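Student: Chains as they are written, first to last, in my numbering: chain A, 1 to 119; chain B, 1 to 116.
Simulated from the structure, these hints should not be mistaken for lab results.
Among these hints, one or two may not hold up.
Straight-line distance between alpha carbons at most 20 Å, and here's what the computed SDA-like set of lysine to any residue pairs gives [to be verified]: (1) A:K57 to B:H38; (2) A:K83 to A:R13; (3) A:K57 to A:K70; (4) A:K9 to B:H38; (5) A:K71 to B:H38; (6) B:K37 to A:R115; (7) A:K9 to B:E40.
If you want the footprint, here are the derived chain B segments under chain A, 3+ residues with CB under 8 Å [what the hints assert, rightly or not]: (8) 41-50; (9) 104-115.
Here are a few chain B residues that sit away from chain A, every Cβ distance over 12 Å (derived from the structure) [what the hints assert, rightly or not]: (10) L12; (11) T76; (12) L80.
Predicted, not measured: the structure shown is a model, and the values here were computed from it.
Glycine is no exception: its CB is placed at the ideal position from the N, C-alpha and C atoms.
The residues making up each chain are set out below.
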Amino acid sequence: DGGITQSPKYLFRKEGQNVTLSCEQNLNHDAMYWYRQDPGQGLRLIYYSQIVNDFQKGDIAEGYSVSREKKESFPLTVTSAQKNPTAFYLCASSVKGEGSRISSYNIQYFGAGTRLSVL
Amino acid sequence: QQPVQSPQAVILREGEDAVINCSSSKALYSVHWYRQKHGEAPVFLMILLKGGEQKGHDKISASFNEKKQQSSLYLTASQLSYSGTYFCGTDSFHNAGGTSYGKLTFGQGTILTVHP
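Looking at chain A on its own, in the form it has when it is part of the complex (with noise of 0.2 Å):
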């Protein structure tokens, strides 16, 4: 079955450490995205990419790092320096969003989600 799948599902981060969400997609999207969600709120856009190798900075990128290796990998760290990072984060992956083919623009897959909590 293609989708996308993230791990952990629950991951638990000590003070002055970094961890590391994966996000794994066989649809062969070009394009990849990293949300965080905090309870009652939206999404907000962390980082994204739209080729391997090439990334850019979302809406609140600050004490998070992320690499496009692979295509079907995006994987996103959250640093030490990420103060409140108690959140649900969420990947997505689309075809890139160019052309006016409304039958591939854009439209986001999203992950299951990793609920990252600070012990």
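Chain A is fixed; fit chain B onto it per the hints.
Tutor: Relative to the frame of chain A, chain B by itself:
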């Protein structure tokens, strides 16, 4: 800037209708609608593109007013399964050439509860 959704919450009985609105301060390339059930991933419902094209599920309809930079999602004859939080996501114009950023900015969400 984040699009603004209204209302913040809606409570319905099965079979009733609802409208959820999404308003942006930017010229929009497209509007996307997603539904998220508690603790789960958002699921795609509808995309509306500038110029009038749209694609989505059969039982859900939406409109996109490009001039007003607004979109509305219409839920008719609601079912219990419609309960959840609805998000609009907007993609705005990147440059004068008319291309988009290729990323979405999401509203704060509208909580829809359907009772029997």
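Student: Looking back at the hints listed earlier, which ones does the structure fail to meet?
Tutor: 1 and 5
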